[in-house]
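Number of protein chains: 2
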Amino acid sequence: MSTKISVIKIGGNVLDNADNLERFLTDFSLVPGFKVLVHGGGTIASEIGKKMGMEPIMINGRRVTDANTLHLVTMVYGGLLNKNLVAQLQARKCNALGLTGADANVIPAHKRPVKDIDYGFVGDVESPDQVNVAFLASLAEQGIVPVFAALTHDGEGSLLNTNADTIASTLAVALSTRFEVNLIYCFEKKGVLLNVEDETSVIHHLQPNYYAELKDKGAIFAGMLPKLDNAFAALEQGVKAVVIGDAAEIQDIAAGGKAGTRITL
Amino acid sequence: MSTKISVIKIGGNVLDNADNLERFLTDFSLVPGFKVLVHGGGTIASEIGKKMGMEPIMINGRRVTDANTLHLVTMVYGGLLNKNLVAQLQARKCNALGLTGADANVIPAHKRPVKDIDYGFVGDVESPDQVNVAFLASLAEQGIVPVFAALTHDGEGSLLNTNADTIASTLAVALSTRFEVNLIYCFEKKGVLLNVEDETSVIHHLQPNYYAELKDKGAIFAGMLPKLDNAFAALEQGVKAVVIGDAAEIQDIAAGGKAGTRITL
Chain A
1 MSTKISVIKI
11 GGNVLDNADN
21 LERFLTDFSL
31 VPGFKVLVHG
41 GGTIASEIGK
51 KMGMEPIMIN
61 GRRVTDANTL
71 HLVTMVYGGL
81 LNKNLVAQLQ
91 ARKCNALGLT
101 GADANVIPAH
111 KRPVKDIDYG
121 FVGDVESPDQ
131 VNVAFLASLA
141 EQGIVPVFAA
151 LTHDGEGSLL
161 NTNADTIAST
171 LAVALSTRFE
181 VNLIYCFEKK
191 GVLLNVEDET
201 SVIHHLQPNY
211 YAELKDKGAI
221 FAGMLPKLDN
231 AFAALEQGVK
241 AVVIGDAAEI
251 QDIAAGGKAG
261 TRITL
Chain G
1 MSTKISVIKI
11 GGNVLDNADN
21 LERFLTDFSL
31 VPGFKVLVHG
41 GGTIASEIGK
51 KMGMEPIMIN
61 GRRVTDANTL
71 HLVTMVYGGL
81 LNKNLVAQLQ
91 ARKCNALGLT
101 GADANVIPAH
111 KRPVKDIDYG
121 FVGDVESPDQ
131 VNVAFLASLA
141 EQGIVPVFAA
151 LTHDGEGSLL
161 NTNADTIAST
171 LAVALSTRFE
181 VNLIYCFEKK
191 GVLLNVEDET
201 SVIHHLQPNY
211 YAELKDKGAI
221 FAGMLPKLDN
231 AFAALEQGVK
241 AVVIGDAAEI
251 QDIAAGGKAG
261 TRITL
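As given, the protein sequences belong to chains A and G, one line each in that order.
Taken in order, the first sequence gives residues 1 to 265; the numbers are from full-length UniProt numbering.
Taken in order, the second sequence gives residues 1 to 265; the numbers are from full-length UniProt numbering.
Heads up, none of these hints are tricks.
Calculated lysine-lysine pairs in the DSSO-like style (CA-CA distance at most 27 angstroms, straight line):
| no. | chain 1 | residue 1 | chain 2 | residue 2 |
| --- | --- | --- | --- | --- |
| 1 | G | 240 | G | 227 |
| 2 | G | 51 | A | 50 |
| 3 | A | 93 | G | 111 |
Treat the hints as calculated values from the structure; they're not laboratory data.
Chain A with its partners taken away, still in its complex shape (with noise of 0.2 angstroms):
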């Protein structure tokens, strides 16, 4: 039987409110076996955008990168947020290693082509087999945690903005090679609900069938189409589960607990 890995992606509402970012460090800390997680931080990039005269220009939902707003988010995500986390969780003997995609090369991608909208330095990450899985693996040997801020590299010296599901997701697939590999997504809700004015219809388990039948009968809110059809698709490329829920019940999610969505083949 392979190692298990969880691959865990925090957004927003941990990052931007100081008590759950303590409690969520804990408990993550405290997660068993090889771990990796996956951060954005798109608020307080705006935040202190504003404090250097930078208002953030979004597009159908996604920032535009130009070069400042890059540097802007490589300060962020890349320093401010990523190494605070590392030190954090140093702090709760986690052996934590902040990383890019542009470190060691682990994820190498591609500037996205200009079609009716120009993102600017934004990043589509290459196809998983491109990640560099034999050096997580070395890191996963030696009990380091990585911790992965949401930029990547276009390997001729330029970083790139890159969503940091997807970062998550690419990462999971391609350590599905190796491993046997949990992808966690927190957000704000328990998990995924069946009626989203009710915060226990949380669905336990979902797979391609109850998925198409839910789907069919529009019981799913919209906005999470995507994250369930690329959740699909990483299970297909195989990972193992997806789990979607809510970081302070990442400890029972993380040990296969009844916590959040459990999405499957």
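Add chain G to chain A, keeping to what the hints say.
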């Protein structure tokens, strides 16, 4: 015979000039064997701080690091400079990995005790035998080149602003337990000068007796004395040679050529 390593420290005169930096990174990527890069970045941090309405606070030539300044240098050293150096080295097929002393707990430190002056969040590194040499050795085996920003941590969750020269010498001493280490300080002159006014008066080789003699005569520029005392201290702790020279001559220096001032016991 043990494997050779070059630990190379660059300062403002390389980082602050795009042409110098491009040239240096190309030369650095061509230095054969295992190598470690250490960088500062004070001038750029001060410039970005000004955009955010912050004025640098200096006492006795050292930056006082209040909480906001710690955020600033974490963004600039750990993010902007470090990750761009990594991306630019990757473009030169040098498999760089950006690090602070917090990552993989490579360089433990403690906050400098307050005596006459409170330097704030400034780190004094623990003894070199606390450095995580096993991790650095595993990088060497994988052909990965660590790039260190001048930050350490206290093991209790706080990052610490730390002198880049000290980080370089601490790493050099620590690595000397397993490798044959050359410690190279790049600065704005071609080497230690016998006559500060004369750029051609480089001392090519400095050994303890000659150094004592020059010191007695008052023949060495006062500003160089702490750097040279530190160099001899590193040699006494196992470093093979310390070279002080011009970044533009890094290839000759790393190859053991005539450039720079070579300091040995």
